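Number of protein chains: 2
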Amino acid sequence: MTGPSSADLRKGESVSDAPLSPDANVQFIGIVRTPYTTRDLCPRQGALDGPECRLELMPQWAPALKGVTAFEYLDVLYWLHQSRRDLLLQSPRGDGQTAGTFALRSPVRPNPIGLSKVRLIRQEGETLIVKGLDCLDKTPLIDIKPDRCAFTVQAPAKSADRA
Amino acid sequence: MTGPSSADLRKGESVSDAPLSPDANVQFIGIVRTPYTTRDLCPRQGALDGPECRLELMPQWAPALKGVTAFEYLDVLYWLHQSRRDLLLQSPRGDGQTAGTFALRSPVRPNPIGLSKVRLIRQEGETLIVKGLDCLDKTPLIDIKPDRCAFTVQAPAKSADRA
Chain A
276 MTGPSSADLR
286 KGESVSDAPL
296 SPDANVQFIG
306 IVRTPYTTRD
316 LCPRQGALDG
326 PECRLELMPQ
336 WAPALKGVTA
346 FEYLDVLYWL
356 HQSRRDLLLQ
366 SPRGDGQTAG
376 TFALRSPVRP
386 NPIGLSKVRL
396 IRQEGETLIV
406 KGLDCLDKTP
416 LIDIKPDRCA
426 FTVQAPAKSA
436 DRA
Chain B
276 MTGPSSADLR
286 KGESVSDAPL
296 SPDANVQFIG
306 IVRTPYTTRD
316 LCPRQGALDG
326 PECRLELMPQ
336 WAPALKGVTA
346 FEYLDVLYWL
356 HQSRRDLLLQ
366 SPRGDGQTAG
376 TFALRSPVRP
386 NPIGLSKVRL
396 IRQEGETLIV
406 KGLDCLDKTP
416 LIDIKPDRCA
426 FTVQAPAKSA
436 DRA
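Residue numbers (my numbering), protein chains in the order written: chain A, 276 to 438; chain B, 276 to 438.
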């Protein structure tokens, strides 16, 4: 947390004063390793031809990687653990012009879940080497999915699919 | 939860026996309303020309929608509250052929976060009308972001963006 204090707000920004409601638990499944060791070093958006990053799974989740190398692109979800969670309106350029949090891909959101499409380069045991991330080094990892564009459903279609 | 009992497993499926680690809290920001009132009625994948669904924000988060109607496509994240969380290997067709959880987009995953790209049809106060969802009616909503394909970063580029 950068500290949800109104002193940290830019011109025009506003916060929710509702207390955080702990409705469900996220469990960290591993850690993301990137070259970006400070927030200032992080790019605004990862590039699919950017530097290699590592998705290091905890050993107990490694079996769940079976078959993942069939996919060139993955959706990666991670927990932006340094982000405040109470901003309603944000001013990305700090100029007083604001947009709502849900009209931005800022890391600051009620549930600080980052989502990147990455290119899978290779697997090394319980680690995936990928390109395309923009998050801070040591960000907690929470999910890996085949990218929806490339994914073909394996289970049989259901009645609602046959529109 | 469908109950993480080994009696519910299909041939070839395997589970993690590690206890759930409550590393972070998710707060529900609203509710997703769809025509799919049972799991059997849900399609495998939502269609961008499918039925209208509703993202009903809690009133305290409504201001964070400012500017969202500028986007035709949104990424919607939701909490698949009925999913077990311990499967490592899954058999989508129930035929003994398995794939790892991270090679599938199944709702059953260590963090049951669903991710859909939706088309924004219109805003009605604190509710967004969208198409493209496949989740159960009354699924808790956790985030809304502009779809990454359409989103242009508004903040100035940083040094790591100028590769």
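Be a bit skeptical, because a hint or two may be false.
Said to hold, decoys possible - Derived DSBU-like pairs: lysine-lysine, alpha-carbon spacing no greater than 30 Å straight-line: (1) A:Lys413 to A:Lys341; (2) A:Lys341 to B:Lys433; (3) A:Lys413 to B:Lys286; (4) B:Lys413 to A:Lys406; (5) A:Lys433 to B:Lys341; (6) A:Lys406 to B:Lys286; (7) B:Lys286 to A:Lys286; (8) A:Lys433 to B:Lys286; (9) A:Lys341 to B:Lys341; (10) A:Lys413 to B:Lys433; (11) A:Lys286 to B:Lys433; (12) A:Lys392 to A:Lys413; (13) B:Lys406 to A:Lys433; (14) A:Lys392 to B:Lys433; (15) B:Lys406 to B:Lys341; (16) A:Lys286 to B:Lys406.
In case anyone wonders, no lab produced these hints; they're calculated from the structure. As the structure is a prediction and not an experimental result, all values here were calculated from the model.
To see whether the hints hold, each was checked on the structure:
1. A:Lys413 to A:Lys341: OK: Lys413 (chain A) and Lys341 (chain A) at ~24 Å, within 30 Å.
2. A:Lys341 to B:Lys433: 37 Å, violated
3. A:Lys413 to B:Lys286: 37 Å, violated
4. B:Lys413 to A:Lys406: Since the Cα atoms of Lys413 (chain B) and Lys406 (chain A) sit roughly 36 Å apart, the hinted pair is violated (cutoff 30 Å).
5. A:Lys433 to B:Lys341: 37 Å, violated
6. A:Lys406 to B:Lys286: At roughly 35 Å apart (the allowed maximum being 30 Å), Lys286 (chain B) and Lys406 (chain A) break the hint.
7. B:Lys286 to A:Lys286: It is violated: about 58 Å lies between the C-alpha atoms, which goes past 30 Å.
8. A:Lys433 to B:Lys286: Since the Cα atoms of Lys433 (chain A) and Lys286 (chain B) sit roughly 21 Å apart, the hinted pair holds (cutoff 30 Å).
9. A:Lys341 to B:Lys341: Not satisfied, since the Cα-Cα distance of roughly 42 Å exceeds 30 Å.
10. A:Lys413 to B:Lys433: 20 Å, holds
11. A:Lys286 to B:Lys433: Roughly 21 Å separates the two Cα atoms, so the pair holds.
12. A:Lys392 to A:Lys413: The hint holds at about 18 Å.
13. B:Lys406 to A:Lys433: The hint holds at about 18 Å.
14. A:Lys392 to B:Lys433: Holds: Lys392 (chain A) and Lys433 (chain B) sit about 20 Å apart, inside 30 Å.
15. B:Lys406 to B:Lys341: 20 Å, holds
16. A:Lys286 to B:Lys406: 35 Å, violated
Checked against the numbered hints given earlier, the structure breaks hints 2, 3, 4, 5, 6, 7, 9, 16 and satisfies all the rest.
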